[in-house]
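Q: Now for the letters of each chain:
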Amino acid sequence: MMKENKMSRIQMIKILLLVVVAVAMINGGMELYKHRHYQLPIVAGPGITQVKKLSEYCEGIKGTMADTNVFFLEGKEPGGKILIFSNTHSNEPAALLATLIFMENAVVEKGTLILIPMFNHSGSRNTRPGDGYPLYFEIPTDWGSKKFRMGNRDASWLDQWPDPDVYVHYPDRQLLSFIDTRNTNRTWPGRPDGPLMERVTYAAMQIIREEKVDIAVDVHGAETMFPVTNCIVAPEKSMRIATMASMTVKAREKFDNHVEPSPSGFRGLSHREIGDFSDAMPFLLEAPLPFLDQPTGPKTVELLLDGKDPFLLSLSKKGKLFVPYDETGWPIAKRVGQHCSVIQELMKQFTRKFPEKTISIQNVPKYADVVKNGVGHYYHNPDDTDKKSVYFN
Amino acid sequence: MIIYYIICVYLIALLLWNFIKEKKSVNDMVLYLLVLIPLILRVLRVK
Numbered sequence: 001m002m003k004e005n006k007m008s009r010i011q012m013i014k015i016l017l018l019v020v021v022a023v024a025m026i027n028g029g030m031e032l033y034k035h036r037h038y039q040l041p042i043v044a045g046p047g048i049t050q051v052k053k054l055s056e057y058c059e060g061i062k063g064t065m066a067d068t069n070v071f072f073l074e075g076k077e078p079g080g081k082i083l084i085f086s087n088t089h090s091n092e093p094a095a096l097l098a099t100l101i102f103m104e105n106a107v108v109e110k111g112t113l114i115l116i117p118m119f120n121h122s123g124s125r126n127t128r129p130g131d132g133y134p135l136y137f138e139i140p141t142d143w144g145s146k147k148f149r150m151g152n153r154d155a156s157w158l159d160q161w162p163d164p165d166v167y168v169h170y171p172d173r174q175l176l177s178f179i180d181t182r183n184t185n186r187t188w189p190g191r192p193d194g195p196l197m198e199r200v201t202y203a204a205m206q207i208i209r210e211e212k213v214d215i216a217v218d219v220h221g222a223e224t225m226f227p228v229t230n231c232i233v234a235p236e237k238s239m240r241i242a243t244m245a246s247m248t249v250k251a252r253e254k255f256d257n258h259v260e261p262s263p264s265g266f267r268g269l270s271h272r273e274i275g276d277f278s279d280a281m282p283f284l285l286e287a288p289l290p291f292l293d294q295p296t297g298p299k300t301v302e303l304l305l306d307g308k309d310p311f312l313l314s315l316s317k318k319g320k321l322f323v324p325y326d327e328t329g330w331p332i333a334k335r336v337g338q339h340c341s342v343i344q345e346l347m348k349q350f351t352r353k354f355p356e357k358t359i360s361i362q363n364v365p366k367y368a369d370v371v372k373n374g375v376g377h378y379y380h381n382p383d384d385t386d387k388k389s390v391y392f393n
Numbered sequence: 001m002i003i004y005y006i007i008c009v010y011l012i013a014l015l016l017w018n019f020i021k022e023k024k025s026v027n028d029m030v031l032y033l034l035v036l037i038p039l040i041l042r043v044l045r046v047k
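In order, the protein sequences belong to chains A and B.
Residues in the first sequence are numbered from 1 upward in steps of one, following the numbering used here.
Residues in the second sequence are numbered from 1 upward in steps of one, following the numbering used here.
Any given hint could be a false lead.
With a straight-line cut-off of 25 Å between C-alpha atoms, the simulated PhoX-like cross-links for lysine-lysine are [said to hold, decoys possible]: (1) B:K23 x A:K14; (2) A:K110 x A:K147; (3) A:K366 x A:K110; (4) B:K23 x A:K62; (5) A:K387 x A:K147; (6) A:K334 x B:K24; (7) A:K250 x A:K53; (8) A:K388 x A:K62.
Here are the computed distance ranges between Cβ atoms for each label pair [to be verified]: (9) A:G29 x B:Y10: 38 to 44 Å; (10) A:F178 x B:I3: 16 to 22 Å; (11) B:W17 x A:K318: 51 to 57 Å; (12) A:M30 x B:M1: 44 to 50 Å; (13) B:Y10 x A:N381: 39 to 45 Å; (14) A:V51 x B:I6: 36 to 42 Å; (15) A:E138 x B:W17: 42 to 48 Å.
The set of hints was computed from the structure by calculation and includes no laboratory data.
None of these values were measured; they are calculated from a predicted model.
Cβ coordinates follow ideal geometry from the N, Cα and C atoms, glycine included.
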């Protein structure tokens with residue numbers, strides 16, 4: 001009798017534990033599943049002339065979560081070609097927000113603008129629960145708010161798994177961290193039959209080579225405690241244009257954006273490999289992103305969008321940050337506005353140096369406009385737009 | 001990639017078997033179930 005009671009007590013505990021764990025797993029799992037499958041509607045603006053898939057440049061990503069939309073904005077007159085891609089790291093949202101401003105508003109007069117808003121598409125459907133990342137964030141617009149997925153730095157394990165012990169970069173065979181095998185800013189120039197993220201960067205290299213792209217701009221955000229922040233990273237071949245753009249935005253638009261040289265011994269980075277493996281001039285833009293700093297409070301949506309944090313403020317007073325920082329933080333409008341202005345200045349300086357390859361665009365706001373009107377002012381309501389012009393990414 | 005999913009399923013079976021066979025330690029039961037969560041989420045392609 002005693003033994004039976006004891007057995008039934010153990011069984012009761014087991015059932016209770018199973019129920020508790022199942023509820024927790026289903027509850028958490030559903031949130032993660034919904035996040036991975038949330039479709040973000042983006043509106044193709046008046047300048048879009050063609051929409052392709054990245055897989056058209058590399059068969060190896062067809063039918064995978066890594067495939068993504070590539071938007072072409074072609075001018076009436078020929079000229080130079082610029083590729084802008086964001087969400088290389090999907091936890092750096094100012095890059096995506098700036099690229100979408102170009103996508104929804106830009107009209108190209110001369111040359112061609114190619115946009116890949118969600119370059120690491122798998123990463124945009126990944127998250128980092130261990131760091132307490134929010135799953136979504138919302139940008140207020142003139143017609144309501146626009147909800148975005150908050151992604152992760154690296155592609156999802158669901159799409160590329162397992163990780164190696166050490167990532168051996170192709171083709172240099174440099175040894176990199178295992179996690180960088182899913183980081184699309186370490187897998188350049190890629191190969192058509194490599195791991196999925198190498199195929200993604202290979203597809204982008206094929207766009208650059210086949211479309212004869214002149215400028216490639218990889219848009220990012222970086223910690224305020226990291227020296228390579230608030231800057232344009234450029235290799236030797238892009239240095240003159242980067243320097244001129246940096247000096248011009250400082251003089252005319254009153255914000256700092258210094259130039260950092262691309263290290264030749266550190267392989268796999270877009271600003272290094274694109275230049276070495278094609279005729280294009282690469283640039284990588286970094287805007288400060290306090291959310292990514294380690295010594296901050298909780299990783300909330302407010303921190304992501306306002307960049308206000310008391311711990312960073314304290315560190316700033318001790319001179320530990322690489323950017324100016326005060327009670328106003330680093331609002332998203334400032335970061336997006338910087339990207340918009342720097343990209344346009346790069347085009348202008350390129351056109352000045354190579355007038356036969358002019359790139360001329362209209363209708364894209366500059367830093368002061370975005371700070372004044374807010375980021376959401378430049379997004380259109382997908383519900384009020386012709387469905388043919390709405391793309392889900 | 002498929003072989004890693006097979007390994008996951010094998011580990012899930014092992015953990016469940018240990019959970020069923022455990023008669024005394026509630027701590028061990030909890031640990032078996034906690035270790036199960038990420039493996040199940042991976043096999044179901046949730047996370």
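Q: Now, for every hint given, state plainly whether the structure supports it.
A: Against the structure, the hints come out as follows:
1. Of the supplied pair hints, the one linking K23 of chain B and K14 of chain A holds, its CA atoms being roughly 10 Å apart against a limit of 25 Å.
2. At most 25 Å may separate the alpha-carbon atoms for a hinted pair to count; K110 of chain A and K147 of chain A exceed this at roughly 33 Å.
3. A C-alpha spacing of about 19 Å is found between K366 of chain A and K110 of chain A, which places the hinted pair at or below 25 Å, so the restraint holds.
4. Of the pairs offered as hints, the one joining K23 of chain B and K62 of chain A is violated, with about 50 Å between alpha carbons and a cut-off of 25 Å exceeded.
5. For the proposed pair K387 of chain A and K147 of chain A, the alpha carbon gap of about 18 Å is at most 25 Å, so the pair holds.
6. Distance hint between K334 of chain A and K24 of chain B is unfulfilled; the C-alpha atoms sit about 60 Å from each other, more than 25 Å.
7. Using a Cα cut-off of 25 Å, the hinted pair K250 of chain A and K53 of chain A is violated, with the two alpha carbons roughly 37 Å apart.
8. Simply put, K388 of chain A and K62 of chain A have alpha-carbon atoms about 22 Å apart, close enough for the 25 Å limit, and the pair holds.
9. For G29 of chain A and Y10 of chain B, the hinted distance range of 38 to 44 Å is not satisfied, since their beta carbons lie about 21 Å from each other.
10. As the Cβ distance of F178 of chain A to I3 of chain B is approximately 18 Å, the hint placing it in 16 to 22 Å holds.
11. The supplied range of 51 to 57 Å is met by W17 of chain B and K318 of chain A, whose beta-carbon atoms lie about 55 Å from each other.
12. One distance hint, 44 to 50 Å for the beta-carbon pair M30 of chain A and M1 of chain B, is violated here, with the actual separation near 24 Å.
13. At about 50 Å, the beta-carbon gap between Y10 of chain B and N381 of chain A misses the expected band of 39 to 45 Å.
14. A hinted range of 36 to 42 Å for the beta carbons of V51 of chain A and I6 of chain B is consistent with their spacing of about 39 Å.
15. One distance hint, 42 to 48 Å for the beta-carbon pair E138 of chain A and W17 of chain B, holds here, with the actual separation near 46 Å.
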